[in-house]
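What follows is the residue order along each chain.
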Amino acid sequence: MATGTEPPQVNTGVHGAARAAIGPRHLRTDRWWLAPALTAGGLLAFVVYSTWRAFANADYYAAPYVSPFYSPCLAENCEPMRGGPNWEIFGSWWGLSPALLILIFPLGFRLTCYYYRKAYYRGFWASPPACAVAEPHKKYSGETRFPLILQNIHRYFFYTAIPVAGILTYDTVLAFRDEHYEWGHMGLGTLVLLVNIVLIWAYTVSCHSCRHIIGGRLKHFSKHPVRYRLWSWVGKLNERHTVLAWASLISVALADFYVYLVASGAFDDPRLF
Amino acid sequence: MSSYTAAFKVWRGDADGGELRDFAVEVNDGEVVLDIIHRLQATQASDLAVRWNCKAGKCGSCSAEINGRPRLLCMTRMSVFSREETITVTPLRAFPVVRDLVTDVSFNYAKAREVPSFVPPPGVRAGEYRMQQMDVERSQEFRKCIECFLCQDTCHVVRDHEENKAAFAGPRFLMRVAELDMHPLDAAGEAGLDRKKAAHDEHGLGYCNITKCCTEVCPEGIKITDNALIPLKERAVDRKYDPLVWLGNKIRRRGAED
Chain A
1 MATGTEPPQV
11 NTGVHGAARA
21 AIGPRHLRTD
31 RWWLAPALTA
41 GGLLAFVVYS
51 TWRAFANADY
61 YAAPYVSPFY
71 SPCLAENCEP
81 MRGGPNWEIF
91 GSWWGLSPAL
101 LILIFPLGFR
111 LTCYYYRKAY
121 YRGFWASPPA
131 CAVAEPHKKY
141 SGETRFPLIL
151 QNIHRYFFYT
161 AIPVAGILTY
171 DTVLAFRDEH
181 YEWGHMGLGT
191 LVLLVNIVLI
201 WAYTVSCHSC
211 RHIIGGRLKH
221 FSKHPVRYRL
231 WSWVGKLNER
241 HTVLAWASLI
251 SVALADFYVY
261 LVASGAFDDP
271 RLF
Chain B
1 MSSYTAAFKV
11 WRGDADGGEL
21 RDFAVEVNDG
31 EVVLDIIHRL
41 QATQASDLAV
51 RWNCKAGKCG
61 SCSAEINGRP
71 RLLCMTRMSV
81 FSREETITVT
91 PLRAFPVVRD
101 LVTDVSFNYA
111 KAREVPSFVP
121 PPGVRAGEYR
131 MQQMDVERSQ
141 EFRKCIECFL
151 CQDTCHVVRD
161 HEENKAAFAG
171 PRFLMRVAEL
181 DMHPLDAAGE
191 AGLDRKKAAH
201 DEHGLGYCNI
211 TKCCTEVCPE
221 GIKITDNALI
231 PLKERAVDRK
241 YDPLVWLGNK
251 IRRRGAED
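Read top to bottom, the protein sequences are chains A and B.
Counted the way the working numbering counts, the first sequence spans residues 1 to 273.
Counted the way the working numbering counts, the second sequence spans residues 1 to 258.
It is possible that part of the hints are untrue.
To give an idea of the interface, some chain B residues facing chain A are shown, with a C-beta separation under 7 Å as derived from the structure [to be verified]:
(1) Trp11
(2) Pro70
(3) Val124
(4) Glu128
(5) Gln132
(6) Met134
(7) Asp135
(8) Thr154
(9) Ala166
(10) Glu202
(11) Glu216
For the record, the hints were derived by calculation from the structure and aren't laboratory data.
Where is the CB? At the ideal position from N, CA and C, for every residue including glycine.
Required output: the full structure, derived from the provided sequences and hints.
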């Protein structure tokens with residue numbers, strides 16, 4: 001992190017020849033580094049955890065709960081889940097963890113999300129590290145060139161996020177069974193999955209691309225009253241997109257961790273009824 | 001009413017050079033930073049240059065950087081600082097300095113001229129424009145802009161990379177493009193002007209990496225990133241990167257934005 005006392009660079013950015021001759025690259029006195037540091041730390045923690053769990057290929061199913069990292073399970077090497085999301089599209093040739101087949105979609109959705117872009121551009125790439133704090137890069141082309149021009153496909157990842165959220169909803173419904181697959185039961189895990197799916201949907205629907213597709217692209221709302229109403233609702237959720245991004249990221253990790261604890265025998269799922 | 005003496009550092013100089021100078025100056029309850037700058041002019045530095053006008057946060061003249069943050073001098077209360085704090089005031093650091101706290105913001109006027117103005121609908125005379133509130137309210141948010149250029153100053157695309165100034169209009173003028181593109185009566189499309197495509201191809205929308213500093217510094221509280229830049233990026237995607245939208249428009253033979 002910059003301290004603001006580094007020697008000035010010559011003829012670039014805030015040290016350009018025509019600009020006010022001020023040595024430090026910023027004069028901020030507040031803890032501007034805290035937010036990007038916390039963001040980077042939080043995202044890094046999730047990346048480490050999810051990488052471990054995605055490659056683990058174990059302890060992701062404890063009837064009736066399936067980890068959101070492994071649903072739907074698209075290879076033959078998946079654990080059989082009665083009534084659950086076992087669709088062996090990839091057959092037996094897939095030898096790696098089946099989580100890798102499905103996680104690419106939520107990963108792409110979050111990686112191209114407008115909020116997460118801000119978070120990792122600031123937190124990891126210091127572009128900029130904070131407002132009015134000079135970035136360390138000599139050149140900047142933003143999202144005009146490969147690979148960052150690919151951020152423009154965010155809406156396609158949004159399209160894939162909808163069926164994924166639908167399948168996780170199905171998993172949550174299946175969680176209203178007991179370990180013998182009898183319906184009408186509920187455990188602590190059911191609550192965990194329920195909270196998770198509500199947050200996943202809220203994050204998905206509050207997406208900026210969703211807001212655009214629902215109604216943002218229209219020029220005359222008065223000609224499309226239903227879409228205008230939907231756009232207004234999505235807009236209200238969209239204002240909380242940052243909070244929902246973090247809440248759903250944490251909830252999906254916690255849901256997976258809960259299933260891991262139950263599946264590995266470290267914890268017994270308390271049955272509520 | 002209580003008074004105290006505050007420590008200030010104010011940048012003095014011009015295009016040939018300058019430095020932060022120390023001042024000890026009286027502060028009274030209820031004052032803003034611009035009051036203190038005026039007191040400095042009256043008592044210690046009569047030739048201190050500062051641009052100001054309304055003292056009410058509506059003219060956008062007194063933009064500067066206070067403790068490194070782009071702010072309006074007249075809307076920054078002294079009560080937000082502790083009495084022991086040294087307050088540093090510098091000119092905007094993204095634009096060429098003229099003298100002391102005054103910068104040359106003509107970059108912004110050049111960029112403003114590059115955005116084609118409102119295209120009146122054919123057959124409707126001035127004074128006969130009618131539109132529904134729900135159709136025009138998105139554009140109205142952007143009309144709150146007071147042209148203080150704090151968003152332009154803080155945007156790292158031009159602040160940290162002088163070479164991008166030619167290609168990038170900056171958040172204020174991309175917001176202007178969004179305002180016109182969302183305007184229910186703007187007939188640019190019928191006149192052969194595609195504002196979405198122009199935002200991408202001519203005004204450098206792709207340079208924006210939506211890190212929201214423009215929104216953070218806006219004294220009018222305009223949600224520049226969420227309500228103007230991101231929707232404009234999505235509209236540009238409709239034009240440039242989404243084959244399904246392109247195909248849908250071809251099949252239906254009409255614009256997607258009706």
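A quick look at each hint next to the structure:
no. : hint   : result
1   : Trp11  : holds (6 Å)
2   : Pro70  : holds (6 Å)
3   : Val124 : violated (15 Å)
4   : Glu128 : violated (18 Å)
5   : Gln132 : holds (4 Å)
6   : Met134 : holds (5 Å)
7   : Asp135 : holds (5 Å)
8   : Thr154 : holds (5 Å)
9   : Ala166 : violated (13 Å)
10  : Glu202 : violated (13 Å)
11  : Glu216 : holds (5 Å)
When held up to the earlier numbered hints, the structure conflicts with 3, 4, 9 and 10 and fits the remainder.
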